[in-house]
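Asks: With the hints as your guide, set chain E with the ligands onto chain H.
The primary structure of each chain is shown beneath.
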Amino acid sequence: MSRVAPMRFTDMLPLAWGALRRNRLRSMLTIGAIAFGVAVLVYLLTLGIGLRVLTIDSVRNSTTLLSFTVTTVNNDFFPLNDVGLSKVREIPQIAKALPRLTVAGEAAFGNKRASITIVAVDPDYFGLDERSKVVTGVPFNESDTNVMLVTTQFLRLFELDTAKTPLITFDLQADAKRYGIVEPIKDVIVRGIVADTSAAAVYVPRQYFETLLKQEGRPNYEHIKVLVKTIADIEPASSAVISKGYKVQTVVDTVDDINTVFSYIQWTLGVLGAIAIIVASIGMFNTLTVSLLERTREIGIMKALGVRQSDVRRLFLTEALLIGILGGAVGIGLAFAFQYLTILTFQVLALIAEGIVPKLFVNDWYLLASAMGFSVLIASITGIYPANRAAKLNPIQAIRHE
Amino acid sequence: METLKMPPVDERESPEADIPQETAAAYEFQQGGNTSVDPLVEAIQQELGKSLQPTAQLGMPALTTDDLPYEEGEIFRAVNLTKAYGQGAAYLEVIKGISFCVKEGEYVVIYGPSGSGKSTLLHMLSGLEPPTRGEIRIRNHAIQKFTDDEMAIYHREEIGLVFQSFNLLDSLTALDNVAFPLMLSGAPREWRLHESYKMLDRFGLAEFAGHYPNQLSGGQQQRVSLARALVHDPALLLVDEPTGNLDTKAADVVMSEISRLHLQEKRTIILVTHNREFLKHATRVFYIRDGTLMTTNPEVEGEEHE
Ligand SMILES: Nc1ncnc2c1ncn2[C@@H]1O[C@H](COP(=O)(O)OP(=O)(O)O)[C@@H](O)[C@H]1O
Ligand SMILES: [Mg+2]
Numbered sequence: 001m002s003r004v005a006p007m008r009f010t011d012m013l014p015l016a017w018g019a020l021r022r023n024r025l026r027s028m029l030t031i032g033a034i035a036f037g038v039a040v041l042v043y044l045l046t047l048g049i050g051l052r053v054l055t056i057d058s059v060r061n062s063t064t065l066l067s068f069t070v071t072t073v074n075n076d077f078f079p080l081n082d083v084g085l086s087k088v089r090e091i092p093q094i095a096k097a098l099p100r101l102t103v104a105g106e107a108a109f110g111n112k113r114a115s116i117t118i119v120a121v122d123p124d125y126f127g128l129d130e131r132s133k134v135v136t137g138v139p140f141n142e143s144d145t146n147v148m149l150v151t152t153q154f155l156r157l158f159e160l161d162t163a164k165t166p167l168i169t170f171d172l173q174a175d176a177k178r179y180g181i182v183e184p185i186k187d188v189i190v191r192g193i194v195a196d197t198s199a200a201a202v203y204v205p206r207q208y209f210e211t212l213l214k215q216e217g218r219p220n221y222e223h224i225k226v227l228v229k230t231i232a233d234i235e236p237a238s239s240a241v242i243s244k245g246y247k248v249q250t251v252v253d254t255v256d257d258i259n260t261v262f263s264y265i266q267w268t269l270g271v272l273g274a275i276a277i278i279v280a281s282i283g284m285f286n287t288l289t290v291s292l293l294e295r296t297r298e299i300g301i302m303k304a305l306g307v308r309q310s311d312v313r314r315l316f317l318t319e320a321l322l323i324g325i326l327g328g329a330v331g332i333g334l335a336f337a338f339q340y341l342t343i344l345t346f347q348v349l350a351l352i353a354e355g356i357v358p359k360l361f362v363n364d365w366y367l368l369a370s371a372m373g374f375s376v377l378i379a380s381i382t383g384i385y386p387a388n389r390a391a392k393l394n395p396i397q398a399i400r401h402e
Numbered sequence: 403m404e405t406l407k408m409p410p411v412d413e414r415e416s417p418e419a420d421i422p423q424e425t426a427a428a429y430e431f432q433q434g435g436n437t438s439v440d441p442l443v444e445a446i447q448q449e450l451g452k453s454l455q456p457t458a459q460l461g462m463p464a465l466t467t468d469d470l471p472y473e474e475g476e477i478f479r480a481v482n483l484t485k486a487y488g489q490g491a492a493y494l495e496v497i498k499g500i501s502f503c504v505k506e507g508e509y510v511v512i513y514g515p516s517g518s519g520k521s522t523l524l525h526m527l528s529g530l531e532p533p534t535r536g537e538i539r540i541r542n543h544a545i546q547k548f549t550d551d552e553m554a555i556y557h558r559e560e561i562g563l564v565f566q567s568f569n570l571l572d573s574l575t576a577l578d579n580v581a582f583p584l585m586l587s588g589a590p591r592e593w594r595l596h597e598s599y600k601m602l603d604r605f606g607l608a609e610f611a612g613h614y615p616n617q618l619s620g621g622q623q624q625r626v627s628l629a630r631a632l633v634h635d636p637a638l639l640l641v642d643e644p645t646g647n648l649d650t651k652a653a654d655v656v657m658s659e660i661s662r663l664h665l666q667e668k669r670t671i672i673l674v675t676h677n678r679e680f681l682k683h684a685t686r687v688f689y690i691r692d693g694t695l696m697t698t699n700p701e702v703e704g705e706e707h708e
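Chains H and E, in that order, are what the protein sequence lines are.
Our numbering puts the first residue of the first sequence at 1, with every later residue one more than the last.
Our numbering puts the first residue of the second sequence at 403, with every later residue one more than the last.
In short, the hints are calculated from the structure, not lab data.
Fair warning: this is a prediction, and the values are worked out from it, not measured in the lab.
Only true hints are included.
The calculated lysine-lysine pairs, modelled on DSS-like cross-linking and capped at a C-alpha distance of 30 angstroms, are:
id : chain 1 : residue 1 : chain 2 : residue 2
1  : H       : Lys-214   : H       : Lys-87
2  : H       : Lys-392   : E       : Lys-498
3  : E       : Lys-547   : H       : Lys-392
4  : E       : Lys-668   : E       : Lys-547
5  : H       : Lys-214   : H       : Lys-247
6  : E       : Lys-547   : E       : Lys-505
Bound conformation, chain E alone:
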């Protein structure tokens, strides 16, 4: 078992001397304070048996893409990623200059309290939301520079997306929803319906193929959504709160299915959740709070999984 790597002592002077207790605590955490004030961080560390560290502590403080050459097997690289909403008084930085790398075959769980910007981060990785500052590279291609066609290919072929709110197309049946990505790839109708039916069957939804989304329960819609994300066999799966609307039993099914996709099918998975059960399946945990990121050390993780 890996020994706990305690975060190094913060040697900078504390500027938060006279701010209220709560804020101070959060701030301290954000700065990677030596004692984890956030009970959640402690819980995660216990769960994983690993320490969480701010990315700044992982040797990527003011990283630019030029500083660190592209490595084989690197899928995502985010550099000083910032996302802000609103202007003037309504200005809100949801993601505050985070940097990280995701390698092929990883199962990254993005964990954090509600409203911490998890979905925002996932949307940026999926190319649907442009970052305010910073850069995202996918296999060494800057996502901001994608053309309409390149973005379409990225969505059609590279990634499978599962949204927090299922986001099925209301005017299509479950089967046609699942078949939609195959339609975009220009597959013949017969074949794509056949494939989609198989996919639905895999999620135990064969008998609901002809149902419209509004005739399905939340859990069923969730599974249709997963089937749709997988039907075109993407190497990368981006999943937002897959068990958010499921009971424990259904959640377990989805959880083990996603683990199987990672372990057996060797897909790279980035999953957003606030369900702690997922943590044990992850190869790495991104803990997001107040727009900053703490993560388990990838090198350590790499060795551990050998």
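Just chain H, with the same shape it has in the complex:
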């Protein structure tokens, strides 16, 4: 006798689908179990990735990758003053060294006075980290004198619109007791607003401001931002800085640290998700096996009509496959719903706290595709045993089984 062609997939699919539809509750429970597992897995993994990306981004944006920050641990031996600055500038790989000088002071407009922070930086300093980003307006030039950029808190202090660059001028005065400045800076024009939300501060041109400070009592720099030409220069430049007694914080280090921490977190989240899926698949195994017992008669009839063992097996696997695909799809949808609810919750909280909600989840397509694949795989593995049992069923026992 000739070989028998296997049952067509296009014929098999409606049969499997019909079987799923006939026992709607059982099918829905099975698909629901798998879907829940997939949803938990996807939710946790996208949250893990989202948090990592969020953290790395905020670090990355705070400085360009080609810069690092020099600080000191001991201001007596290794002070961050003009001597320190020139030491840093001697290092060949370093293209630019941009110090930040912070002093306490006062600002006045008309007869309104307020205590503020005066930050003296070079124009290139703007944008090197998150808080020194220029939100509105433009940075000043190196040779500028009576100009400044302000923070939103500064504007709030003077009850001004925080979205617009004010068209008025201020008088600035560093704390005379500490720094001994004789002259105040008069009629300072506001050029723009910086992102800094930490204080009511003004950003002034460093070169001009340093000429006003007397040598004694003059404070050290808060830190020096160093710029190199290529990524490869980071390593020698930072070693050189360290060898001069200073401390270095590079972005690359930070990103690496964050990646390590988050890969642990992600693994933990992934394992939790996998446990959820395994629990779900045990449930699915159970329902598929029970479904087999319920359908012995049907399988017997099919065999009596000439459906081969291999076709019965494939039919059951097709059914498991369908459950896997549906479970995966519903699960991903469910994960999106969980994400949406989470974001919504945070939005409500943020509304109360007047903040912005960052992007918490990253839905990489390959992650979603693997979740789908995982669901199908688990479903198929789970289906193997019931499928084999169904294939080996004695048709008459099955038919007599009422």
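Replies: Only chain E with the ligands this time, still in chain H's reference frame:
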């Protein structure tokens, strides 16, 4: 009219001297006792105008397939066929070493009381139940040696099966149930639905094509089941109690349809029933009782139908 062939006198000594009357009677019948103690046997003989004889009396006592060469037109041959269920105390021999032949074009009615093993015999012939001992050959091929593929072909192409309990697929409509065998043969969907619809129409069920089995009456399911058994045009029809769930009128329709399948379409039919009405249509009757078989002589039957 054929003269009654009385069973020959049992010349063996009776071992059943001191067993109860009822059992003794059954035993006597089983041995082919000269006077038919079973009133049913008498009734059948009257109905047919032929005598029933145990197969052992038909020259096939300890038959092996080698003893009797395969003959042209022979479809089934059963040799010392035995089926037992259970083990130990639950051991039960349902079929006790019976032998017979079925030729092409025959209409065999397997008749007997409920629980006598009629369905079991039919299931063995359909290859769904393996015999405990003995052999079944289909067109000279031993059914026990069929591979999965050969068995599939046997079911898909050679036979049409109608089960006692209809056995429709609950998740499929009447139409899809009938179309199922055609699906297995790989026919295109359009065509197989068309053919199946025609088949349903033939059984007066066209308007129920879209109904699911649980939306059909017992009689309707029975007819869908028949339609399914015939849709792939099998030469051999194995039918189990086709009128078991039908009223007299519906039963008559099914009965005459099966007769037509035999007489006009020349199909070979093996039909299990305990409905005596079928006996007159049969070319041969297998009477089963207590696991043994009595039958009308095939040679005699052959001549009679000329
Ligand atoms: N799977 C089985 N296990 C045990 N006994 C069975 C099984 N199938 C059938 N029998 C027994 O075999 C006998 C014959 O059954 P069956 O062939 O259905 O009889 P009939 O069709 O003549 O009414 C019955 O006594 C029945 O209980
Ligand atoms: Mg029966």
